[in-house]
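Below, each chain spelled out in residue letters.
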Amino acid sequence: MVHKYSRLILGIEFLVAAAVWLAASSVDDKFHLIACNVGQGDAILAVYGRTEILVDGGPDRKVLDCLGKYMPFWDRTIELVILTHPEKDHYGGLTDVFTRYHIDNFMFNDLQVSSPDYQALLSLVGGSVGRVIRPLKGQHLRLGLMSLDIENPDATPKTELNLYSVVAELRFGGFSSLLTGDIPNFTFGAKHHVQYIKVPHHGSKNGLTASLLEETTPDLAVISVGVNTYGHPSPETLKMLNEYGVKYLRTDQVGDVEIISDGKNWKVK
Amino acid sequence: MKIFVYVFLLLLLIFRFYVTRPVYKNGQTLTLTQKVLQEPVRYASYQSVTLTGLKIYLPLYPEIVYGDEIKVTGIYEDGKLTKAKLISVVSSGGLFNFRKQLIEFYQQNLPEPHASLVAGIVLGSKSSIPETFWNELKLTGVAHVVVASGTNVTFVAGFLISLFTLCFPRRKSVLLVIIAIWLYAVISGLESPIIRAAIMASVALSAQALGKLALAWKTLILTVYMMLVYQPAWIGDVGFIMTFVSVISLMLFQKKMEIILSFLPKVIKEGLSTSLAAQIGVAPILFVTFGQFNILSPLINALVLWTVGPIMMIGAISALLRIRYLLYLVYPLTWWFINIVGLFSV
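Chains as they are written, first to last, in the working numbering: chain C, 317 to 585; chain L, 54 to 399.
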C-alpha cells in the first residue's frame, strides 16, 4: 500500500515539475510575428510575452492550431483581435477563437453581412469580448511594447468590402510591419519604409501596387495563400516583387512564416 | 431441446434484419425527426450527422451536438439524404448537456490539439480534432486512442471497482459500477464499441458478484447477438466489426505476446503486447477499409499508450471538479503524446 501511494505521489510531482517547466519555457522576451498557414485566407498573429494580437482568423478552425503552437498554453486571453473586413476567408476561424479564448479588444468594421456564419460570430461578441473598437484612420493603439497605427479605413462610405479592409502598421521597437488585409491600391502618398509587408489580398493582381513597393521598400513580403480558384497569387504580383528585388515567402509553400525580433534585429525563423 | 433455442434465436435475428431494412426509394423526399445518437463530425465548412443510417451533410451553423433532437428534410439518394435542410434543433438536457460542458471545459482551458486529445481520450469525442492532427493520428496508427473505444469503458470499470470496493461490500460496488458504466456509455456517445464494452463489462462483473464463471467466449458471442438483434445495421459498421475483432485478437494472442516480450520493462511491455496482439486482427481490416498500415505502429503505440490512463484520470477529475490548474497536469503528457505522433508522421 505504502509502495503504491509513493509511486502515485512521485508521478504527480513529476507532472507538476514538467508542467511548470513547459509553462516557463513557452515564453521568451522576443517579438514574434507569424503568418499562420490557414490555407486560402489570412491569420496573422503577433506575440510578445503573454500579449497577443490576432489579425483575421482564416477561413476555418485551422487558426486554433496556430494559436496553440505560438501562444503559451496557459494564456487564455488574446489582447486584441482585428477583423480587417467581413469576408469568410478572414473571419471564418474567429468563431472558434471566440468560443475558446477571452478577447480583450475586438476591432472590426460596422458592416451588415447577412451570412449565418457571420451572424454566429456576432452573437459571440457579447459574451467573450471586453471592448469593441471601430477602426478609423489615424487611430494609435499601444499594447505593451507593441504599437499599432491604423491607416485605413477613413470615414467615407465605400463601394466594396475590400475597401474597408483595416490596414495597420504594427511596430515593435525598430521593427515595422504593414498588415494590409485585402486592400486594393493602397498607398501612403510619401516615403514610408517598413521591414515587412503582408501582400494585400493573397497576392491578387488588384492588391499590391508598384507605388506601394516604392514607398515602403520592404525587406520581406509575405503572401498568405492556399489552394484556390481565383489564381492567387497572380503572376503579375510575383513579377513585380521580383522586379523590385523584394524577397517573398508564401504560406502555401513554407507553412507558417515566423519572424523573430528583439526590437533592433530581426530574422525569419 | 437446446437446438430449438438456437434455431429460434437465429430466426429472430433474420426476422430483425428483414424488418429493419430501409424502405426508401431514390428521389423520395424525407422528413426525419430524431435524436442524434452519433457525434456529428465537423469539417472545415460543413458538418455531417447520421440519422437511421443516413448520412446527412449540413452547414456548420447552427451547430448540432450529440443528443440534440433535430428535424431535417431532404431527398433520399443511395443511402444519403441530399439537399438536406435543417428545420429545427432542440438540445436535450441532462447527461447530453453534461458531456458538452465537459468538452467545453477542455476547449476553454487547453490549446489545440491538446484539448481535442483530452476530450477524445476521456469522452471519445473526435468531432473537433484538428485535421492535421487527425491525419497524423491515422498515419501513425494511434487514432484508436481518441475514438470511442471499449478500452475507455474497461478503464473506467477497473478504476471504479477498485475505488468502490474500498468503501462498499463487493456486491453493492458491482451494482454501482455497472450503473456508472452505463452512465459513462451515454455520456461518451452510444457508439457500438462503447456498447460492446459496457455489455461485456456488465456481464463479467455480475458473473463475478454472483460467484459464477463468466466464459469469455460465451459472453462475446452473446454480446454480438444482442447487439445485432437490437440494431442489425451494425453488421456493416466498421467500428462494430473492429471492436469485436480486437477483443478476439486480445483473447487469442495477448498472453502469448506477454511471454514473448517478457524481457521488456513492465511499463513498455503492457502497451506493446496489447497493441501487437490487437494489431494481428485489426491491421488487415484497417488496410482493407482505409488502405493504411504503419509497420512502426506497435512501437509508436508502446511509446504513447502509457500516457492514456493518467490523461483520462486527470482529465476526468479536473473537469468534474472544474479546476483548471489540475487540468494543466495533463499538459506534459499530451505534449509528449503529440510530439511523438508528430515525430513519426514526418
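To be clear, the hints were calculated from the coordinates, so they are not data collected in a lab. Treat the hints with care, as some may be off.
With a straight-line cut-off of 20 angstroms between C-alpha atoms, the simulated EDC-like cross-links for lysine to aspartate or glutamate are [claimed, not checked]:
#1 138/L with 433/C
#2 385/C with 189/L
#3 385/C with 184/L
#4 136/L with 433/C
#5 404/C with 116/L
#6 133/L with 323/L
Measure nothing beyond the straight line between the CA atoms of residue 404/C and residue 116/L; if it is 20 angstroms or shorter, mark the hint as holding. holds, 17 angstroms
Holds or violated: residue 138/L with residue 433/C, Cα cutoff 20 angstroms? holds, 16 angstroms
Given the hint that residue 385/C pairs with residue 184/L, test it: the Cα-Cα distance must not exceed 20 angstroms. holds, 15 angstroms
Keeping to a limit of 20 angstroms between CA atoms, is the pair of residue 136/L and residue 433/C held or broken? Holds, at about 19 angstroms.
With the threshold set at 20 angstroms, check whether the alpha-carbon distance from residue 133/L to residue 323/L stays at or below it. violated, 42 angstroms
Would you check the hint for residue 385/C and residue 189/L, treating anything up to 20 angstroms between C-alpha atoms as holding? With Cα atoms ~16 angstroms apart, residue 385/C and residue 189/L stay inside 20 angstroms; holds.
The structure does not agree with numbered hint 6 stated previously, though it agrees with all others.
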